[in-house]
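*Asks:* Those sequence lines, one after another, are chains A and B. Quick note on numbering: the first sequence equals residues 995 to 1217 in this note's numbering. Quick note on numbering: the second sequence equals residues 151 to 617 in this note's numbering.
Since the hints were made in silico from the structure, they are not lab data. Ideal Cβ positions, reconstructed from N, Cα and C, are used throughout, including at glycine. Treat the hints with care, since some could be wrong.
As the list claims (entries may be wrong) - Simulated restraints, written as ranges between beta carbons of each label pair:
#1 B:Glu538 <-> A:His1037: 56 to 62 Å
#2 B:Leu452 <-> A:Asp1065: 53 to 59 Å
#3 B:Thr534 <-> A:Asp1040: 48 to 54 Å
#4 B:Glu363 <-> A:Asp1173: 33 to 39 Å
#5 A:Asp1065 <-> B:Thr534: 49 to 55 Å
#6 A:Arg1059 <-> B:Asn382: 53 to 59 Å
#7 A:Asp1173 <-> B:His352: 52 to 58 Å
Stated by the list, open to error - Here are the computed lysine to any residue pairs in the SDA-like style, where the Cα-Cα straight-line distance is at most 20 Å:
#8 A:Lys1146 <-> B:Asp473
#9 B:Lys220 <-> B:Ala233
#10 A:Lys1146 <-> B:Ala487
Claimed, not checked - Chain B side only, calculated, beta carbon under 7 Å to chain A, not exhaustive:
#11 Ala233
#12 Gly241
#13 Val438
#14 Ala445
#15 Ala479
#16 Asp480
#17 Tyr481
#18 Pro485
#19 Met506
#20 Arg509
#21 Arg510
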Amino acid sequence: MNILVVEDEPKAGNYLLNGLQELGYCVTLARDGADGLHQALEHDFDVIVLDVMMPKMDGWEVLRRLRKEADTPVLFLTARDDIADRIKGLELGADDYLIKPFSFAELVARLRTLTRRGPTREEEQLHVDDLQIDVLKRRITRAGVRITLTNKEFALLHLFATHQGEVLSRSMIASRVWDMNFDSDTNVVDVAVRRLRLKIDDPFQLKLIHSVRGIGYRFDTQP
Amino acid sequence: MNGLRHSLTLRLALVFALLAFVSLTLLGVALYRDLERELIHRDDAALITRIDQLRTFLNDSNTLELIKSKPALFQNMMGNREALLTITPPGGKPLLVVNPGNLPLPSLAPVPMDHKLGLSDVQHYPGVDGVPFSAVAANIDSGDMGALQVVTGRLMTERTALLASYRLNVYLFASVAAVLLALSGYWLVHRGLLPVRRLARHAHGIDVGNLGERLDSHGAPQELLPMIDAFNAMLDRLGRGFAQLSQVSTDMAHELRTPINNLLGETQVALQQDRSLDAYQQLLASNVEELERLARMLDSMLFLARTDPSSALKQRQQLDAADEMQRMADYFEGPAADVGIHIQACGSGVIWAEPMLLRRALANLCANAIKYGAPDSELLIDATPCAEGIRLSVRNHGPTIPAEHLPRLFERFYRVDQSRERSANSNGLGLSIVATIMQLHNGTCSANSLDGLTSFELVFPARRQGE
Chain A
995 MNILVVEDEP KAGNYLLNGL QELGYCVTLA RDGADGLHQA LEHDFDVIVL
1045 DVMMPKMDGW EVLRRLRKEA DTPVLFLTAR DDIADRIKGL ELGADDYLIK
1095 PFSFAELVAR LRTLTRRGPT REEEQLHVDD LQIDVLKRRI TRAGVRITLT
1145 NKEFALLHLF ATHQGEVLSR SMIASRVWDM NFDSDTNVVD VAVRRLRLKI
1195 DDPFQLKLIH SVRGIGYRFD TQP
Chain B
151 MNGLRHSLTL RLALVFALLA FVSLTLLGVA LYRDLERELI HRDDAALITR
201 IDQLRTFLND SNTLELIKSK PALFQNMMGN REALLTITPP GGKPLLVVNP
251 GNLPLPSLAP VPMDHKLGLS DVQHYPGVDG VPFSAVAANI DSGDMGALQV
301 VTGRLMTERT ALLASYRLNV YLFASVAAVL LALSGYWLVH RGLLPVRRLA
351 RHAHGIDVGN LGERLDSHGA PQELLPMIDA FNAMLDRLGR GFAQLSQVST
401 DMAHELRTPI NNLLGETQVA LQQDRSLDAY QQLLASNVEE LERLARMLDS
451 MLFLARTDPS SALKQRQQLD AADEMQRMAD YFEGPAADVG IHIQACGSGV
501 IWAEPMLLRR ALANLCANAI KYGAPDSELL IDATPCAEGI RLSVRNHGPT
551 IPAEHLPRLF ERFYRVDQSR ERSANSNGLG LSIVATIMQL HNGTCSANSL
601 DGLTSFELVF PARRQGE
């Protein structure tokens, strides 16, 4: 995946470049708006991460000019948490936004969503190692053993299974499973994951749910 | 024009001037009309007197002889150019014509001899160059010469001049009075507004440093008292708000100390010597925790600083109360079960609210209820329609909150137990966020704690027509 990052703040630019490269993406970093626009028009990117607050040519201007020629998905980063700002970005043709400070895992998850081409077909049967999930019948077995889950535990497991190998942040999990779109001070997600582990991981040799320190959780057959 | 609209003093002075000019001019015009009528009366009476005199005079034949022989004498007697006198015998040429001003001779029907002359017999003509001309004609018995026809008239030059000067005086006096009144009005209003300027100077001196100062109503005119009171009340409100705001800033700075101190200390200690990879990872993970805490606090502060309710109100929806209560029960099921609390959700009706804000408020209340709830007890989440709209309550068993803390629970950074260690999961803003959310919805929130049962209640107003 080809990603263009337009960010004038040196530290932020560097960590975005390193972080995304380490995940195996091909990343180009532009350190100001004019360069960013030039790069975006010259090369073919799958997605563009655009900082709004930049000297000289700001993100809005870059977006406005870019949209005249290309419809590359754009995720903008803003430090201003007001609704008018977000609406402006989306009206100019941005596809998504993140408010600073944001978690890196959240950024990666959003970028994956933006570049996922076409509507994702809902799988009826999911298999992860010896775990089988029948989505329609809501039936789960692991190594032939039937496991009973509550509704929310099932929703959490389904989320994990459909994002295998990805690091999911706590706020993303809270948002997808309970529709709670805010960072809460509670440990609801941790408790729910612990309870899910009790049922699907603890009795078995191979662990599927892994904690990623400081970020969230990853569901994978690889440790 | 702009100055006219904005300066009260100038405007009042001009109004004074206009009123003075108009009223004095009207008075002058009325008096002028009166005078004019009197003068006409006097002049007409003079003409009639002359005819009466001639009636007596011409009876004498000597006089007639005198007229015939020395007409110049009569001309001189008449004296001035305004007078007109003709004496004509019946069917002959005029005996005497005194007309120094060459006035046009009017043709008048003479008043018969036996008729006594009255004011109505005097005829008025437009005259020459706008100067009115009055005349009267009469038949006079002169004995041997028969009935003489006498016409006497007068051009009213003197009267016209007198009236013109009177008119001029009226306008002159009215104008002078208007100017005088304008000046005195200007001065009076200027003086009358002195207290306003004094207040303005005083208000100008009030700044954040001396917000406690109030405008002095001593010696101010009665009309200004309501304004001074209102202004002082406004200062009271601003002062309270300002004190609260600076308290919040101070509190926030103190709250930031803990996570920043942790970050700084842990990182500095870690850098003291070479450590294992695992130690570094642990440090970074701990840093992330502290930073997330800072980010959450920042988020909360920005949320609380939001002053524009319209955007939140625009996104309100009719939400099923039972669904929302169940969602809360599902969300907190795990953490509650950890401490043996059973959540019971029930409710009916609809909530007119912005979904995310409603959930955030309820989640904050539930998180508190679980944190402070007694182990192995029940947490009740309930929605009941009421007169204003719908009442949501979160009730838990646990230690009673002393009554003196209840009114202050919704303040920012307020904690019942000040010595309680500040945990990573609490930043002292949860309930103030609830209060702000309720304020955004024009709703109310309240807390109650009695005999080991603590309950928080939110009242959301029902959707009104047109919303």
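*Asks:* List, from low to high, the hint numbers that the structure doesn't satisfy.
*Replies:* Of the numbered hints given earlier, those the structure breaks are 2, 4, 11, 12 and 15, listed in rising order.
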